[in-house]
Amino acid sequence: MLREKEFVGYFPELRGRSTEEQISLIGCARYEVFVRQGRGGRAALVLVVSFLLAAAVAFLPLVFWRTSFLINSMFIAVGVFISMHVYKRLYGHLLKQGLRHVLENQS
Numbered sequence: 001m002l003r004e005k006e007f008v009g010y011f012p013e014l015r016g017r018s019t020e021e022q023i024s025l026i027g028c029a030r031y032e033v034f035v036r037q038g039r040g041g042r043a044a045l046v047l048v049v050s051f052l053l054a055a056a057v058a059f060l061p062l063v064f065w066r067t068s069f070l071i072n073s074m075f076i077a078v079g080v081f082i083s084m085h086v087y088k089r090l091y092g093h094l095l096k097q098g099l100r101h102v103l104e105n106q107s
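Counted from 1, the sequence shown has number 85 at position 85 by the UniProt record's numbering; the numbering is strictly sequential.
Derived from the structure by calculation, the hints contain no laboratory data. Quick caveat, the model's predicted, so the values are computed rather than measured. Please note that a few of the clues may not be correct.
[Unchecked claim] Distance condition first, Cα-Cα at most 25 angstroms in a straight line; then the derived DMTMM-like pairs of lysine to aspartate or glutamate:
#, residue 1, residue 2
1, K96, E6
2, K88, E4
3, K88, E6
4, K96, E21
5, K5, E21
6, K96, E4
7, K88, E13
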């Protein structure tokens with residue numbers, strides 16, 4: 001339920017529908033992608049890639065330039081922000097595949 005709420009208003013295909021209907025369709029799309037199509041491995045890969053991206057942005061400047069604590073903290077914050085954005089986009093892409101299938105079967 002929590003994951004579905006994050007994507008309310010995210011997909012253009014669902015705009016104009018009520019919040020409850022969007023949450024229901026996104027839940028069906030999650031089930032379609034991860035259970036029926038078996039793409040749970042891709043979701044795990046998306047999570048790992050986003051973590052590695054955050055770690056690279058956060059710690060590479062520390063390794064190469066030995067900057068101050070404040071600058072390192074800013075790089076960590078930027079890395080986490082980029083990671084969260086990339087994760088949401090890639091996860092949303094997976095959900096969109098399931099959503100297309102759900103909407104096709106609904107019509």
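**Q.** Unmet hints by their number, sorted upward, for this structure
**A.** Hints that this structure does not satisfy do not exist here, as all of them hold.
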